[in-house]
Every structure is written in C-alpha cells, then in structure tokens.
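Read top to bottom, the protein sequences are chains A and B.
Going by the working numbering, the residue at position 118 of the first sequence is 118; the numbering climbs one at a time, nothing skipped.
Going by the working numbering, the residue at position 320 of the second sequence is 320; the numbering climbs one at a time, nothing skipped.
Worth flagging that the hints you see were computed from the coordinates, not collected in a lab.
Among the hints, a few may not be true.
Since the list can't tell identical chains apart, any single copy or any two copies may satisfy a pair.
Said to hold, decoys possible - As a list, the in silico DSS-like pairs of lysine-lysine whose alpha-carbon atoms are at most 27 angstroms apart: (1) Lys129 with Lys321; (2) Lys28 with Lys63; (3) Lys126 with Lys28; (4) Lys254 with Lys385; (5) Lys327 with Lys361; (6) Lys327 with Lys129; (7) Lys149 with Lys126; (8) Lys63 with Lys327; (9) Lys60 with Lys320; (10) Lys357 with Lys311; (11) Lys126 with Lys327; (12) Lys208 with Lys83; (13) Lys38 with Lys126; (14) Lys444 with Lys413; (15) Lys254 with Lys357; (16) Lys466 with Lys395; (17) Lys126 with Lys321; (18) Lys38 with Lys129; (19) Lys126 with Lys442; (20) Lys38 with Lys242; (21) Lys129 with Lys28; (22) Lys60 with Lys327; (23) Lys38 with Lys83; (24) Lys472 with Lys60; (25) Lys10 with Lys129.
Protein chains: 2
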Amino acid sequence: MSQNERFVKKITPKSVDFSRWYVEIIQKTELADYAPIKGMMVIRPYGYSIWENIQSIVDKRIKESGHTNAYFPLFIPEGFLQKETEHLKGFAPEVAWVTHGGSDELEERLAVRPTSEAIIGNMYAKWIKSWRDLPVLINQWANIVRWEKVTRPFLRTTEFLWQEGHTAHETSEEAQEETLMILSLYKEFVETELAIPVISGMKSEREKFAGAMKTYAIEAMMSDGKALQMGTSHNLGQHFSKVFNIRFEDRNQKLQYVWQTSWGVSTRLVGALVMAHGDDSGLKIPPRIAPFQVVVIPIAIGDWKKNILPKAQEIANGLKKKGVRVKLDDREEFTPGWKFSEWEMRGIPLRLEIGPKDIEKGQVVTVRRDTGQKEALAQASLDKKVIEFLSDIQKNMFEMALKFQEENTHEVKDYAEFKAVMESKRGFIKTFWCGDTACEEKIKDDTMATIRVIPHDIEKKKNSRKCIRCQKPSESLVYFAKAY
Amino acid sequence: MSQNERFVKKITPKSVDFSRWYVEIIQKTELADYAPIKGMMVIRPYGYSIWENIQSIVDKRIKESGHTNAYFPLFIPEGFLQKETEHLKGFAPEVAWVTHGGSDELEERLAVRPTSEAIIGNMYAKWIKSWRDLPVLINQWANIVRWEKVTRPFLRTTEFLWQEGHTAHETSEEAQEETLMILSLYKEFVETELAIPVISGMKSEREKFAGAMKTYAIEAMMSDGKALQMGTSHNLGQHFSKVFNIRFEDRNQKLQYVWQTSWGVSTRLVGALVMAHGDDSGLKIPPRIAPFQVVVIPIAIGDWKKNILPKAQEIANGLKKKGVRVKLDDREEFTPGWKFSEWEMRGIPLRLEIGPKDIEKGQVVTVRRDTGQKEALAQASLDKKVIEFLSDIQKNMFEMALKFQEENTHEVKDYAEFKAVMESKRGFIKTFWCGDTACEEKIKDDTMATIRVIPHDIEKKKNSRKCIRCQKPSESLVYFAKAY
Chain A
1 MSQNERFVKK ITPKSVDFSR WYVEIIQKTE LADYAPIKGM MVIRPYGYSI WENIQSIVDK
61 RIKESGHTNA YFPLFIPEGF LQKETEHLKG FAPEVAWVTH GGSDELEERL AVRPTSEAII
121 GNMYAKWIKS WRDLPVLINQ WANIVRWEKV TRPFLRTTEF LWQEGHTAHE TSEEAQEETL
181 MILSLYKEFV ETELAIPVIS GMKSEREKFA GAMKTYAIEA MMSDGKALQM GTSHNLGQHF
241 SKVFNIRFED RNQKLQYVWQ TSWGVSTRLV GALVMAHGDD SGLKIPPRIA PFQVVVIPIA
301 IGDWKKNILP KAQEIANGLK KKGVRVKLDD REEFTPGWKF SEWEMRGIPL RLEIGPKDIE
361 KGQVVTVRRD TGQKEALAQA SLDKKVIEFL SDIQKNMFEM ALKFQEENTH EVKDYAEFKA
421 VMESKRGFIK TFWCGDTACE EKIKDDTMAT IRVIPHDIEK KKNSRKCIRC QKPSESLVYF
481 AKAY
Chain B
1 MSQNERFVKK ITPKSVDFSR WYVEIIQKTE LADYAPIKGM MVIRPYGYSI WENIQSIVDK
61 RIKESGHTNA YFPLFIPEGF LQKETEHLKG FAPEVAWVTH GGSDELEERL AVRPTSEAII
121 GNMYAKWIKS WRDLPVLINQ WANIVRWEKV TRPFLRTTEF LWQEGHTAHE TSEEAQEETL
181 MILSLYKEFV ETELAIPVIS GMKSEREKFA GAMKTYAIEA MMSDGKALQM GTSHNLGQHF
241 SKVFNIRFED RNQKLQYVWQ TSWGVSTRLV GALVMAHGDD SGLKIPPRIA PFQVVVIPIA
301 IGDWKKNILP KAQEIANGLK KKGVRVKLDD REEFTPGWKF SEWEMRGIPL RLEIGPKDIE
361 KGQVVTVRRD TGQKEALAQA SLDKKVIEFL SDIQKNMFEM ALKFQEENTH EVKDYAEFKA
421 VMESKRGFIK TFWCGDTACE EKIKDDTMAT IRVIPHDIEK KKNSRKCIRC QKPSESLVYF
481 AKAY
C-alpha cells in the first residue's frame, strides 16, 4: 500500500457512511473543528478562506445591486420579539438568552439574535419618515445563534455566520421585485461561483419563514440525493412594518406602512461545497472559490533545492502574476506522494508536478482534481493552459453536478412509486400537490420528504393535474425531497 | 442667515461642549445611532463604510505579514474563564451571561466573549503538537461584548467590532518580536491611513491587559487634549499556555509550553477619526479612508439637467476611472447650498462645484475640506490635480494633527506644574516616573491622568532622572494624559 493510499484510506468512503465521510472530510482537511460548546464549531483558516471568498463575491454583487452594509446589535430585548407572535413562536425555542450583565440580573432578558427583523424594524421606524427615505437597502454580515437540537458542522450549528439583507419599499410591487431579484442573484452566484446547480421557487406555507408573506429559496441536490436549502429571500409584506410601526408619508401626504424584504446566505454554503462536489479522495473545490487554484509541487529528488525549486518558484510566480491563486508546497518534512494526496484531499483544482525529468524536457506535469486527468505541458505555454484548465474545471464541475441532479430528479406515476423512490433512490421528485398543508404533512410522515420549492416560472394549467397523494385537482408543480 | 449656516449651526461647537459636539456629529452625519439596548449602537451605512475601509486595509497588512483568518465561537463556558484567575478578575464584571437555550436552563453558564484568549487557548491545545506546527498565526474579525458602565458611541460600547490576533510561538524571543511587529504595523496603519500621529510603547503594570506579561499600545491625542488608546499588542508569555496546557514537542523532543501574543484594533478607530480631525463644521475624513474622496455637485440653475449634469457626470466618471471614490450628488430635492454643507459636515475631502459659468470657462471650482481653500481648475487637467489634492490633503491632515500633538505635549518642572497643566491645558505630559504602582495611582487620584505609554525606544540613563511626584530615582520616561 502506497503512502498515498494510506493517507486517503483514513477517510470513510461516501458509499459506506455519508455522514461519517462528511465530518471526516471537514476535520481532516481542516475546514472546521468541533468547539467545546454544544453544537458550535471553529471555522479553521482553510474553511474560513473559502468563506472569505464567498463573502467577497456576494458582497460585491449585493453592493452592485444598490445595497450598503451596516451593523445592528447582537442583542434583542425580549419585548421586541414578543411584539410579533408568529415570529416569536418560530424562534423562541431556539433563542439563547442573556440574563446577567456582570453580576447584575437584567430587568429584561436579551435574545442573542436568531435573525434581525425585530431590531432592524425598530430602527427603521426611527429612520424612515417620508417616501424620499425609500427604498432603504441595507445588508449586514453577522453571526447568528439558534439553539438547535441536532447540529452538524456548517449545515446546522448553534452559531453561524451569514449576511442578512433588510429592505423597505414604498410599494408591494417593489418589495416583490426586490425579493425575486435577490433570489436570482443567489441562484446566479451559486451556479457560477460554487458550480452547484439549484432549483428555485416559493416555499409552501408550512416551510416559509416565521413572519414572512412569501418565502422563496434556492435548493441544491447533495451527492447523497438529499436537498440542501442554499439561500432564502422573503417578501415580508407589511407584517413587520405594522408590528414595529414603520410608516412613511407617501407622495400624497398620506401615512403608509412600508413593504419589506429580508434575505440571506450563510456559512452553510461551505458545507454544500463539500457535499455537492466531494468524493472518496476528499474535497473538490471549484476554481473560482478555491483558496488556492493551483498547487505546485517540486519533486524532492537529489539536490532538488538547487535543481528544481528555482524553476518551481518561477512557475508559481509567473502564475501569480496572471492573477492565479497559487500555493508552492516546498515543505521538506513531507514526501511528494504525501503532498499529492494532501492537496487532492483538500480539493485544489489543479496540481503541477515538476521533477528532474520535467526540467530536462522543459515540461510540467498537470493533474486535474475533477477528472484525475494527467498531462505533461510545455513550460513555455503553461500560464495560458493553466488558465484554460481552471475555466474548464469550473465548467465541468457544474456540468457533472447538473447531470447528477437531472439523473436524480424523478417523475412518478403514483404515490406508491413516490414512496419507493424516496426509500430507495432519494433525489428530487417533481410532481403535483393539492396545496393543502395536511396533505403535505402526511407525505412527510410517510416518506420524510418535504416540499423544497414551488417553481414560480412554470405554466399553470388549472385543474389539469392531480395531487400525487390525494388526487385532488392541483395547480402546483412542486419538488419534494428529503432535506438537511 | 444662509441655509448653509442654519444647517451647520445645529451642531454644538467643540469649544462649548466637546462631548455633545461628538455625539451630535455622529448622529447628524449618520455614522451611528443609539440602539434600544443599554450601551449599544447601530453602525449606520456611512459609519460602516469607514469601518469596511479600515478592515480591508488592516486585513491586507495582517495577511501580508503571514497571518490567516479563522472564526472561533461567540460563547465561552464559564469554567474556561475560571481557569485563569487574573483574566477572570479582569473581565468578570463586564461579562454578559447566557443562562438559557430556548426554554432550558443551561448546566453551565456561557460568557458572550469579552475577548477570546480562553476559547482559542483551548483549541490551540488540541491543534499544536510539535514545533513543526509553530508558529500559529491566526486572526479573527468578530464582535465582542463587555458590559460597560459608561458608554459612548464607538469609544466604549457594550458591543463592538474588532480584529483579534492570537499567535503561538516556539520561543519567548519570537513572541516578543511578533508583539512589537504588530505594534509597528498598527502605528504605521494609523499614521498613514487615518492621518493620526501616535505615540507607542509599553503599558504600566496597572494598565496592562488582564493576563498579559507585557502590553504595548499606540495612543493618540484627540482634539480636546485627551488620549485615546488606538490599539494594543500583548506579549502573553506562557501565562495562557500553562493554564490551557498548550504544549509542543520541541526540536529536542522535549515538551514545552508555547509562547503567545494577542493584539487588536476595533471600531473605536472610527470614533478616533471624529475626535482627532473633526471641527465645528463636522467630520474631516482623510482621503485614504473616506467612503467618498470627492463629491461632485452640479449647480442647479436653469436647465441644469441638460446644460450642467452631463459634464458633471463626465467629470465623475473620469475620476472613477482613475480609481478615485466619487459621489455625484444630483438630488433634486436639495439646493446646492444644502449639499455643500451636508458634504462638508460628512467630511468628504474634496468638493467639486460646476455651474453655468464654469461650463463657459471650461473649469471646475474645487473646495478642500481640510483648509477650506477654493480654487478654479481647468477641466482639462482636473484628474491629475484632484489626485494631487487628495494626496496633499492626506499629508496636511497628518501634519496638522502632529502639530497639535506636539504643541500639546508638555514637559513640566515639578508636580505642581503637572497638576496645573492637567487642570488647564490637558494634552500629554512627558515626564519621569519611579515605576511604583502606588505612586501612579496617587497621580491618578490627584489629576485623573494615567500613564499612557512607556516609550520602548528611549535611551535609559539609570538614576539620572527623578519621578515627577515622589522624586525617587527613575528609569522610565512616560507619557501621562487624561484618557477616554
């Protein structure tokens, strides 16, 4: 058994135990570690650098679409949450409560924010006076605490990092437009940058955000066939503006309540990267989001520091100048074989190897992480080829994920087949549903599948279809799946 | 009274009431607002964009010096803080305690992090095994909670944002080197980017961080003559590594405790910008950190949208292409006069005015925020001149602040003069001190002045000087000041 195999063999194969594979990958690649507090994790530098790349891209898109960042308090007085019963009911079981400041007991308990609608609504009521103050388009990058019963690194943790946008508008139409604009911004971001195809649409009443009029989401299929919610965009209507009294004088000098939206993506996206692309050798990170896009490994044979390292450095520097994120691994304490499998496990899109023979031949050996394909390239044309490879890897990773999603999206002829698919194959089931919450719940009880989204761009043929379970007439095409 | 005057007159003059001036500036320029939770603030978009500029520059310097970012939990189990009595004593009165998760009472209370040495120490003990794992050079951007009795926006708030670096090293020398490297990084950043001169040096025992072996700081003089601590860098020695058992096998296979440092700057720096540079007309933001470096104001006379606006847009776009951060204020609901004083109040370094006469003459009127100097410039050479102006404004703001600091740094012949200066003139007093904490405390009781720093680069002439208060021999040159 080679050193390479020994190293990788320590990871439980996906096919044997997906959950164990997932947490082993996260720990071994140092994306994150368990913290000594229930359900909490430490995001280690390698994982955090992926989050930083996500942040910087999402932040740019949010700003380009007219929003600015701000920062609101971590703590929300209990009374604020109580103002809004639906919202409170949704979040109360998950709230961490601060009861003491120093040695003094507080007069009113403070919630560690489980989301910021209440505190932001309170401030908007103070800031918004006239239609001239609208729209308010604010985003914040923040940490969130939800006291979750069952946790899993990145996917569901007691504390997580996210961005939450909170906007206020003059009209209902503008709020709806904003909600959908953000949904498509998220979809475009996830597909372009994370190379993960998503389905998008509305949530059912049962699945929507506590306090929202409508919730929209993007959902992706993980490589075990389960769905993961990747981002949500809520049209809040006037629900919170009425509770927090956010009013403005309209163009006809009449007082009106503002129309609001809120939306977010979180560190959960790092978990999605692992589960959507990873394999038994470890992570596969799409080039556009990878901390390093290329790793250069000089083969330590003979007097390599004199004969090979300078060329490896030259290659790494040349690529850096072209804007490629490069890691030169010149560590002495590890063998090339060890380095190959370590960076493979860490999911670097492209590996460059350079040894004595390559120096002789004026070449570099390239190994793609997505296909495993090995190719010797002339040093002279390397930069151009590497950039082409990275672009091709990004494209190929998206296509592989899309193919997997399509192959695992099922249409079923009846409820028996629905149940059989959910039991044996998982994936998405694209079918019709009557619109009744009780029916939706029955399906969940039977199969553990929930409605992921109701696509909003489909043609509605009234009464032309029947609910997969109850056979009542249906207007709603929906996607069902088991979900994280 | 012009509209301009009316607008600005709403700000209390600095000379009348500095504290009121400070909070009025912050609210009127929308840097921040008071939150409905004791001692907390909301950082509004204008203030947050300054913080984002600070973040991006500091983050770049921290990364260039070899550090990576990570993220550790918000909550710290009470037991962790109790392990370290000195640290606990320092922070316990300021801790916000989480006692309940949902409806369940927690078995152990959780501190909302007042600083992260304890939780990070716990993780380092798990990660560090060998000298090969060292140094560990990690930084985190995070929110911090300290239950402060007296608060003031940006300067001292129950919650604030900061970066905290936490490093672990093989040797004491390396840790000391890191501590001082970061101190000089902070000094260089604050002077170059914020245009605020600082004095740097060590803290006295009384003023050092709870748990540190040595604390170093940079201190600046605010325009009321009081000192503000702008950043700290701590050499923690082996204090926390012994408490949290952070050990490594050294190069001779012996177990050793690591040597640590920690260091940080916070949103307090935004407050420093206000107090160091602001005047009775409002903020003055140095060009390198300003959200907008230039505001272009078309003079709304006649058919200005047709005759003036296109040229104003052309000018704004031309400057943007050169990398200048430009705001074109084409709002219709405000007069030019109103806009002049609004952007003056908001501290934009350079204002460009363009009206019908300027169009005729092919010129633009420029007004510098630092000097008030007004100058007509030919449109043809505008870009180049604007860039020169910005560079000159940055330089001039630093020099003005340095001049103020020098003029308000006093040397005194005896303790009576010391007291007189602190009562009448404030500023820094550069003098000698015996090194005795009791003497330091007596000085504080008499004058409210504390030792800001003990400069570390001065020549020590043993026994050549005497303590300003007790006349005992002194080795230590120190700076005293009243401080925020």
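Now for the hints, and whether the structure bears them out:
no. : hint               : in the structure
1   : Lys129 with Lys321 : neither (51 angstroms within a copy, 36 angstroms between copies)
2   : Lys28 with Lys63   : between (35 angstroms within a copy, 24 angstroms between copies)
3   : Lys126 with Lys28  : between (49 angstroms within a copy, 14 angstroms between copies)
4   : Lys254 with Lys385 : neither (63 angstroms within a copy, 48 angstroms between copies)
5   : Lys327 with Lys361 : within (23 angstroms within a copy, 56 angstroms between copies)
6   : Lys327 with Lys129 : between (53 angstroms within a copy, 24 angstroms between copies)
7   : Lys149 with Lys126 : between (36 angstroms within a copy, 25 angstroms between copies)
8   : Lys63 with Lys327  : between (30 angstroms within a copy, 15 angstroms between copies)
9   : Lys60 with Lys320  : both (22 angstroms within a copy, 17 angstroms between copies)
10  : Lys357 with Lys311 : within (13 angstroms within a copy, 62 angstroms between copies)
11  : Lys126 with Lys327 : between (50 angstroms within a copy, 26 angstroms between copies)
12  : Lys208 with Lys83  : within (19 angstroms within a copy, 44 angstroms between copies)
13  : Lys38 with Lys126  : between (38 angstroms within a copy, 17 angstroms between copies)
14  : Lys444 with Lys413 : within (18 angstroms within a copy, 84 angstroms between copies)
15  : Lys254 with Lys357 : neither (80 angstroms within a copy, 41 angstroms between copies)
16  : Lys466 with Lys395 : neither (38 angstroms within a copy, 74 angstroms between copies)
17  : Lys126 with Lys321 : neither (50 angstroms within a copy, 37 angstroms between copies)
18  : Lys38 with Lys129  : between (44 angstroms within a copy, 25 angstroms between copies)
19  : Lys126 with Lys442 : neither (45 angstroms within a copy, 46 angstroms between copies)
20  : Lys38 with Lys242  : between (37 angstroms within a copy, 25 angstroms between copies)
21  : Lys129 with Lys28  : between (53 angstroms within a copy, 16 angstroms between copies)
22  : Lys60 with Lys327  : both (25 angstroms within a copy, 18 angstroms between copies)
23  : Lys38 with Lys83   : between (30 angstroms within a copy, 20 angstroms between copies)
24  : Lys472 with Lys60  : neither (46 angstroms within a copy, 60 angstroms between copies)
25  : Lys10 with Lys129  : between (61 angstroms within a copy, 20 angstroms between copies)
Hint check: violations occur at hints 1, 4, 15, 16, 17, 19, 24; the rest are consistent with the structure.
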